[in-house]
Amino acid sequence: MPIVIARDLGKNYRVAEKQPGLRGAMRHLFARKYKIVRAVDGVSFEIEPGEMVAFLGPNGAGKTTTLKMLAGLIYPSNGSCEVLGFTPSDRADAFRRRFSLIMGQKNQLWWDLPAADSFRLHREIYNLPQDQFDRTLGELTELFRVEKLAKQPVRELSLGERMRMELIAALLHRPELLLLDEPTIGLDVVGQGIIQNCLREYNATRGITMLLTSHYMRDVEALCRRVLVINHGRLVYDGALEGITDQFGRVKLLRLQFAGPAPDLSRYGTVTQAVDRAATLQIDRSKASSILSDLLSQHTVTDLSVEDPPLEDAIARIFEQSATPVEAAIAS
Amino acid sequence: MMRYVRLFRAFARVSLLGDMAFRGNFLIKVVVELLWLGLMVFFYDRLFDFTAAVAGWSRPQYFFFLGTYYLMESLIETFFLSNFGEFSELVRTGNLDLVLLKPVDEQFLISFRHVEWSTLPSAVFGLILMTRSILQLDVPPPAMAYVAFAVGLTCAVAMAYSFLLMLSATAVWLVRNQSLYELWWLFMSLMRYPKEIFNAPYTNAIGWFFTFIIPVLLAVNVPAASVVKLLDSQMIAYLVASAVILLFVSRRVFRRAMQSYRSASS
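One line per chain: the protein sequences are A and B, in this order.
Using my numbering, the first residue of the first sequence is number 1, and each one after it goes up by one.
Using my numbering, the first residue of the second sequence is number 333, and each one after it goes up by one.
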């Protein structure tokens, strides 16, 4: 039984169009022109319990809008969704007890107080029994390695430490579903790594379902086996992470080490790097085997590796290939 | 219900902790607030050196009225005014999202999530002023007068709450609605004076309008008059009815606003 079901989910926004300058402002005052922007346009997918799914797409693709519809923050314009057996937009308390939404750019902890005070407030808000609260908090502070930080005012914590505290606050009521919107935004590689490890471990021990949006491919590669790619409000890919490179990666990268100076390889493909005896060559994926055998027969190759190009490249190609935004201008 | 009482206590506690984190600022706010009230009392005290009554209210009666106003203003400012003041900012920045995610009634969470402790001493100031006035009265008020006062004041605070709730809800459609708050300050100014001051040929209509159409003038007048002047049970009933209707309507308006909320970019 899927934990999240989205059927033909869509969200339209009416956005005022305003010309720049004083004349534009005056015109806007008397005759407003609006356009309808389809932020999300008929998206359908299902997520099973325990899955960790990444939601990818460029800025403005509709990722956050979809997450907000799943969290019941905004009403869908069309289609429907069901999360944990509830219609999210009803905002039933029983539903809100069972999931959490973390937004990397917003914080819910009291800024001037130690996180421990905000945690206590969460206990009241979620009406958690004291013993369960103590146990969960103990487990989480250990998992997120923040034992010494809970008594420090939140404003004095580093961004990474604060994000870990935000995660603890979001997990205190033991949600079954965790929606994460850019949880590692602004963090350095080490900070990102810590958050990724904690989330992976939490998923392994608790079996929590996660849907995550992120611009950092490291997050996605570290956490998710399945990805949903959305662009201009439409779902353009739903499948395994590896499938993206198979389906959209046109090229392969060859890293070659020669016995002597690297020969001219431009007839095989694009030479991206050639230093001394080493060369990196980008070749057409479909011709990989013939180029390889040709290379090995004609040159003395001492070392060789065949790699997929970075995931970002494949994702960028999906974005480029998918359709243009759907807009309808109306005057009112 | 008990859960909401506990939750309110938790909000009050965290707010106090927040205030205590900046003790200096907190103390300055309290002192300035009390100085301001003290200055007003001094002004009215001097005024009564020149006249026996203002609009039919004698010195002790008028000071009881003033004490009631301070008490009501303090309750409003302590428990919900700042929360409503921040509401449009929550809408504009999209931080309302964080409120809507909690398994608690949204209206409760928005109205009472922060307690402004620094304005509570004004309530004590008001109570002292009222007690002193009662002791100065020739005839002590009957017990029934205090009941009427409690009912009247509760209804007045409830009306102010409902009005602020509706005012805040407009932020969902207008996003920036600070200009509407000018209306609130206008109403607060109207509440500050006995309604009899409108008993003049050119202002009768204004007094009538703000008594029966928008019953702002009743807020302080009716509870204060119940104790130190006349207990008008019809006016108390009118106040109760107005409060109940306003509470009901404001909740409907607020819920409608929440359905129209479109969140902000993140």
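What the hints contain is simulated information worked out from the structure, not anything from laboratory work.
Just so you know, not all the hints are guaranteed correct.
[To be verified] Coverage of chain A stretches by chain B, computed from C-beta distances (three or more under 8 Å per stretch; other residues unrestricted): (1) 66–76; (2) 118–126; (3) 148–154.
[As the list claims (entries may be wrong)] With a cut-off of at most 30 Å between alpha-carbon atoms, the simulated BS3-like pairs for lysine-lysine come out as follows: (4) Lys434/B to Lys106/A; (5) Lys18/A to Lys33/A; (6) Lys35/A to Lys151/A; (7) Lys151/A to Lys561/B.
Built from N, CA and C at the ideal position, the CB exists for glycine as well.
Against the structure, the hints come out as follows:
1. With 6 residues having a beta carbon nearer than 8 Å to a beta carbon of chain B, the region 66–76 of chain A meets the requirement of three or more and the stated coverage holds.
2. With 6 residues carrying a beta carbon less than 8 Å from a beta carbon of chain B, the region 118–126 of chain A meets the three-residue requirement, and the given coverage holds.
3. Counting residues of the region 148–154 of chain A whose beta carbon lies closer than 8 Å to any beta carbon of chain B gives 1, which falls short of the minimum of three for the stated coverage.
4. A C-alpha spacing of about 15 Å is found between lysine 434/B and lysine 106/A, which places the hinted pair at or below 30 Å, so the restraint holds.
5. Taking the CA atoms of lysine 18/A and lysine 33/A, the gap is about 7 Å. The hint holds against a cut of 30 Å.
6. Of the supplied pair hints, the one linking lysine 35/A and lysine 151/A is violated, its CA atoms being roughly 49 Å apart against a limit of 30 Å.
7. For the given pair, lysine 151/A sits about 55 Å from lysine 561/B by alpha-carbon distance, which is inconsistent with the 30 Å threshold.
Violated hints, listed in ascending order, are 3, 6 and 7; each of the other numbered hints is respected by the structure.
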